[in-house]
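First residue of the sequence shown: 4, per my numbering; consecutive thereafter.
These are calculated hints, taken from the structure and not from any lab test.
A few of these clues could be false.
In the DSSO-like style, the derived pairs of lysine-lysine whose C-alpha atoms are separated by at most 30 Å in a straight line are [as the list claims (entries may be wrong)]:
#	residue 1	residue 2
1	K286	K261
2	K134	K113
3	K171	K159
4	K307	K174
5	K77	K286
6	K134	K146
7	K246	K199
Simulated DEER-style distance windows between Cβ atoms [unchecked claim]:
#	residue 1	residue 2	range
8	D142	K220	23 to 31 Å
9	K224	D33	47 to 55 Å
10	V36	S181	33 to 41 Å
Note that CB positions come from ideal geometry on N, CA and C, so glycine has one too.
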Amino acid sequence: MKISSVNSINIEQNKDFNNKKNVPFKSGVDKLVNFWQFVDNGGRALQFTVEDMFGTNFPRTYKGAMAGYKYTGKVNIPALLQEAIREFLTGPTMCITPVAVLALAKKSGKTANTHIENIENLSYLMKQAAKQGNSINQDNFLKTVIKDLITKTSGKEAVNDDIDTLLKALKEYKEKASGLSSKEFLKKTGKKAAKKDVSSALENLQTTFESIIKRTKDNFKNTDFTQVKYSINESRQGSTNFKNYVEYIDAYIQDFAKRFSKDGLLNATQENISKFKSLFMGKRIITIASMFAITGFLMSFIPKIYTLASGGINPNASAIYKEADKNKQKNEVANDINK
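Given these sequences and hints, build the entire structure.
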């Protein structure tokens with residue numbers, strides 16, 4: 004019994020010792036996991052920033068500082084400035100400028116951030132919803148869109164129960180999302196809590212959509228349940244991410260209602276639908292063109308800035324050139340002495 008007791012004590016002591024030894028390791032891993040989770044949650048802008056900083060900005064700035072160090076034994080300040088200015092201006096300019104242009108475009112309507120194909124697709128479905136009459140409510144349009152996406156994605160005609168279920172989840176999401184544009188609501192609820200509610204409602208909508216497709220579709224081969232199919236027109240269909248499509252639908256109906264609604268009803272005439280389609284397709288094209296043009300214009304100044312900062316020379320090679328000149332002079336002196 005004594006032996007067993009001693010062994011038990013030793014095992015427990017070893018467990019404690021091992022646990023204590025692993026604490027710093029676990030703590031380090033947890034911190035690393037938490038950091039990358041924070042980056043992932045921050046969206047593409049934060050992900051790009053972290054990748055850009057650690058992938059190019061810091062390494063290239065360091066390389067610039069060390070250019071020619073083995074010849075001179077000194078930090079190459081001009082090269083450091085050139086690399087730092089180029090890298091730390093290029094990434095943010097490429098990332099921030101398009102976002103700023105898009106934010107400005109969305110001031111005139113969120114549909115400016117909707118793909119051209121989906122503007123065409125949703126305009127087509129608006130016409131389908133208005134076939135029985137020009138004055139329709141938003142639910143008529145949303146039911147038409149939902150029926151289309153279920154039918155095209157599952158390959159079977161959507162039934163009313165599934166349409167109503169998805170409509171309910173979509174309206175809950177729309178209600179939560181509308182709160183993000185209300186300063187009074189955000190002040191009362193809190194921006195973080197409001198965004199969490201919207202995210203939760205969108206996840207619930209995604210889950211509802213998946214469950215309907217899993218129940219109705221016969222063959223799941225090569226099926227991506229995060230993707231949705233839809234009609235572009237009578238003969239064509241397209242596909243996109245489900246969550247993106249939900250945002251496009253919400254933006255489209257909000258912008259259309261602002262321009263063509265009265266007494267809670269949409270004035271969905273063929274003329275109004277065509278006007279809306281042409282307006283936002285034009286805005287989308289101008290937005291994309293502006294992103295390229297303004298980003299390119301701003302980036303054209305970056306070489307001028309870092310060339311000015313480095314004194315109009317190639318600082319990365321200057322130390323090597325200077326060393327080569329010294330060696331050349333030494334060789335010339337040596338040759339003169341030998342003569």
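Hints versus structure:
1. K286 to K261: holds, 17 Å
2. K134 to K113: The hint holds at about 26 Å.
3. K171 to K159: holds, 21 Å
4. K307 to K174: Violated, at roughly 52 Å.
5. K77 to K286: violated, 54 Å
6. K134 to K146: Holds. K134 to K146 sits at ~14 Å (cutoff 30 Å).
7. K246 to K199: holds, 15 Å
8. D142 to K220: 23 to 31 Å: Hint holds: Cβ distance 26 Å, inside 23 to 31 Å.
9. K224 to D33: 47 to 55 Å: The hinted range 47 to 55 Å is violated for K224 and D33, with Cβ atoms some 39 Å apart.
10. V36 to S181: 33 to 41 Å: holds, 35 Å
Going down the numbered hints, you'll see the structure goes against 4, 5 and 9, while the others check out.
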